[in-house]
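Line by line, the protein sequences are chains L and D. Heads up, the first sequence is in the numbering used here, so the first residue is 1 and it goes up one at a time. Heads up, the second sequence is in the numbering used here, so the first residue is 332 and it goes up one at a time.
Check the hints yourself; a few may be wrong.
[As the list claims (entries may be wrong)] Pairs of lysine-lysine residues, derived as DSSO-like cross-links and limited to a Cα-Cα distance of at most 27 Å, are as follows:
#1 L:Lys276 to D:Lys548
#2 L:Lys276 to D:Lys555
#3 D:Lys554 to L:Lys275
#4 L:Lys271 to D:Lys607
#5 D:Lys590 to L:Lys93
#6 L:Lys51 to D:Lys568
#7 L:Lys41 to D:Lys548
#8 L:Lys200 to D:Lys554
#9 D:Lys466 to L:Lys276
#10 L:Lys200 to D:Lys555
#11 L:Lys205 to D:Lys590
#12 D:Lys590 to L:Lys294
#13 L:Lys22 to D:Lys466
#14 D:Lys594 to L:Lys275
#15 D:Lys375 to L:Lys276
#16 L:Lys237 to D:Lys615
#17 D:Lys554 to L:Lys41
#18 D:Lys594 to L:Lys237
#19 D:Lys568 to L:Lys41
#20 D:Lys568 to L:Lys275
#21 D:Lys466 to L:Lys275
#22 D:Lys615 to L:Lys93
#23 L:Lys93 to D:Lys548
#24 D:Lys555 to L:Lys271
#25 L:Lys60 to L:Lys146
#26 L:Lys294 to D:Lys607
#27 L:Lys272 to D:Lys555
#28 D:Lys607 to L:Lys272
#29 D:Lys554 to L:Lys271
#30 L:Lys41 to D:Lys404
#31 D:Lys538 to L:Lys276
#32 L:Lys272 to D:Lys404
Treat the hints as calculated values from the structure; they're not laboratory data.
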Amino acid sequence: MIETIYFEEEVFDHPTSLHVRKALPRADWFPIRSYQELFNKRHQNFRLQKKQPELILAKKNSNFVLPIPAGFGMDTSRNFYFSHMYNCLYDCKYCFLQGMYNSANFVLFVNYDDFFHSISVIKNENHDASATFFSGYDCDSLAFDKISGFADHALDFFYQHPDINLELRTKSVAVGALFKREAISNCIIAFSLSPHEISKVLDFKAPSVARRLNALKNLARHGWKIGLRFDPLIYFKGWEDQYSTLIANIMLDLFDENIHSVSFGPLRFPKKMYKKIVSHYPNDQFYAFPLEEKNGTVSYGSHLEIEMRCFLERELAKYVSEEKIFQCVLH
Amino acid sequence: MNYCNTVTMGGNEIDSLIRNRIEFCWVVALRAEAVPIIEAFNMKIFSNDLLYPIYLNQDNGHALIISGVGAIKSGAAATFLKVYLSIQNYAAWINIGIAGYFEDAKGELYQAIKVSYQDTGNTFFPGMRFSRILKSEVLRTVGKPQKDFSEPALYDMEAAGFCEISTSFSCNELTYVFKVVSDGPNHSSNLLTKKSVSNLIENQLPKIFEISDAIEKLVVVEKKRIHIPIEAQEILKTIHFSVTNRNVFINTYRRWKAKFPDKHLAVSEFAMYSPKQIINHMEKQLSSETDSWVIQ
Ligand code: SF4
């Protein structure tokens, strides 16, 4: 449980801060000038912080919405992402946030409305094409929802704007906010999944795959459009059987019409990020695997990637129509 | 153990005896504050002839330096301790002492989790919080003993100087500031004596032991992460590595050891190998395992 909340003084009375106060009544609050003075400071130890992260409440002032980075997936003509939060409650061993930030503390930007305003502006500028706005690039979209109350705000906004899409990407089963309302046709709940055998080792603190499947199937029954994300694909002995079983289990009582899209992508890291992440786990078997570096990206290499891609495509094609399947490619 | 004998040894001998053992570095302004800590952790004087008095117990891994009063002295003493004993990067750095407080809480122990330096405006956020053991507070490091406690904070004269330097020795999460309230609006610091200062610290020893147990757990984690195993150190001592190859070797060795915990790199076997050949040897073994890679 979060024990310490640092807050920029100007957001102390913001409605989101009040929501957080109710959700974390026992936490101690300490004022700061700006979130950067804490979040960006030098000599932080990500792994030790991850044992007991603190929450920073801040106001975002610019860059609310950005074009998605190459290889994020989904072939929508206009893709953008926004991050109302940095860092994640969970602690997946392969998480690239560990290589991106110096700090494992959570930053929650409380001014959700400013994000939505920016989305409106982009929507008006791009009225000729349908745009998708991804949440969950710098965090898990729903894991923190009981504290942040973000999903309700986002869904209210996108309900009013049916011509643009929202993707909430998650491993969370904190989907209460979604059950409390009618499904919204322009909102995709995308679950990140991997076989149970590796998820139980790598997806530390995240809900089990079985619980995620349960949540996603209940949401599908409730009418929500579901995204399936196999990203990153992890290579290990017996991976074909394990992925095949996982996909079969997902599809057991999920139908093509429930599925908005399926995407998959190989394990990959920008070189600098990889070096930083490995320094967090120098003695870990997962990062002992001999990866290859090519054009500034560290990955399994084209041989294994093609093998995995072909296999996934074949398996998915058994259940899902081809136009819904996307590959997150290396750039 | 007679530490005065130890100091007469050459620098390398001090190094090999001590550098791997020290896990707690206490930086304390006054002797009266230091005495209860020195006694509690059975430290002995290392040398009286140094710039700052240093106390040690290499069996339990505690070292303490008495800095004198003031932020600059605190930072300088921490640096001296780090360099003189070649303290490793996984050690915890702890500043403990007395402080003024805006409320009447004489004798209470606080963890300072936000430290601001009045002189520079710099702010530090040392440590991980131990909220189950003690309360936390913000602290202002000031240049003179404080009479005006208008801001809701602790007031000391060292912590910011200590934080400025010590966070770079290991990391922010292994840098700690603890203060016992000695004075405030209703308790003048003029009435403090050496004895009363020592008593204030001594009365908090049960909590200080709890804190050191909690810190030790974090040090163990960090030590495990960055410590270079003896076997790899032996290879590095025997075979000449360039700086780049040294780093590649250490990283490859760690990956190799993670995959093959029961295998060994005996110096005798590899004495005739070049650094590149040793690295390739390990990479080859790792590559030969990819088909049967297990994640556990
Ligand atoms: S759920 Fe996603 S964001 Fe959270 S730790 Fe795992 S990979 Fe990172």
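Verification of the supplied hints:
1. L:Lys276 to D:Lys548: 23 Å, holds
2. L:Lys276 to D:Lys555: 17 Å, holds
3. D:Lys554 to L:Lys275: Holds, at roughly 19 Å.
4. L:Lys271 to D:Lys607: Status holds; Cα separation ~21 Å.
5. D:Lys590 to L:Lys93: At roughly 16 Å apart (the allowed maximum being 27 Å), Lys93 of chain L and Lys590 of chain D satisfy the hint.
6. L:Lys51 to D:Lys568: With Cα atoms ~35 Å apart, Lys51 of chain L and Lys568 of chain D exceed 27 Å; violated.
7. L:Lys41 to D:Lys548: Judged against 27 Å, a Cα distance of about 24 Å means the pair holds.
8. L:Lys200 to D:Lys554: 26 Å, holds
9. D:Lys466 to L:Lys276: 34 Å, violated
10. L:Lys200 to D:Lys555: 23 Å, holds
11. L:Lys205 to D:Lys590: The hint holds at about 24 Å.
12. D:Lys590 to L:Lys294: Holds, at about 24 Å.
13. L:Lys22 to D:Lys466: 21 Å, holds
14. D:Lys594 to L:Lys275: Answer holds: Lys594 of chain D to Lys275 of chain L is near 25 Å, not above 27 Å.
15. D:Lys375 to L:Lys276: Distance of about 40 Å is beyond 27 Å: violated.
16. L:Lys237 to D:Lys615: It holds: about 18 Å lies between the C-alpha atoms, which stays within 27 Å.
17. D:Lys554 to L:Lys41: 22 Å, holds
18. D:Lys594 to L:Lys237: Between Lys594 of chain D and Lys237 of chain L the Cα gap is close to 21 Å, so the pair holds against 27 Å.
19. D:Lys568 to L:Lys41: 35 Å, violated
20. D:Lys568 to L:Lys275: 25 Å, holds
21. D:Lys466 to L:Lys275: 37 Å, violated
22. D:Lys615 to L:Lys93: 25 Å, holds
23. L:Lys93 to D:Lys548: 21 Å, holds
24. D:Lys555 to L:Lys271: At roughly 24 Å apart (the allowed maximum being 27 Å), Lys271 of chain L and Lys555 of chain D satisfy the hint.
25. L:Lys60 to L:Lys146: Satisfied, since the Cα-Cα distance of roughly 21 Å is no more than 27 Å.
26. L:Lys294 to D:Lys607: Holds - the C-alpha atoms of Lys607 of chain D and Lys294 of chain L are around 21 Å apart, at most 27 Å.
27. L:Lys272 to D:Lys555: With a Cα-Cα distance of about 23 Å, the restraint between Lys272 of chain L and Lys555 of chain D holds, given a limit of 27 Å.
28. D:Lys607 to L:Lys272: Roughly 23 Å separates the two Cα atoms, so the pair holds.
29. D:Lys554 to L:Lys271: This hinted pair holds, its Cα atoms lying about 25 Å apart.
30. L:Lys41 to D:Lys404: Holds, because 23 Å separates the two Cα atoms, which is no more than 27 Å.
31. D:Lys538 to L:Lys276: With Cα atoms ~36 Å apart, Lys538 of chain D and Lys276 of chain L exceed 27 Å; violated.
32. L:Lys272 to D:Lys404: Roughly 38 Å separates the two Cα atoms, so the pair is violated.
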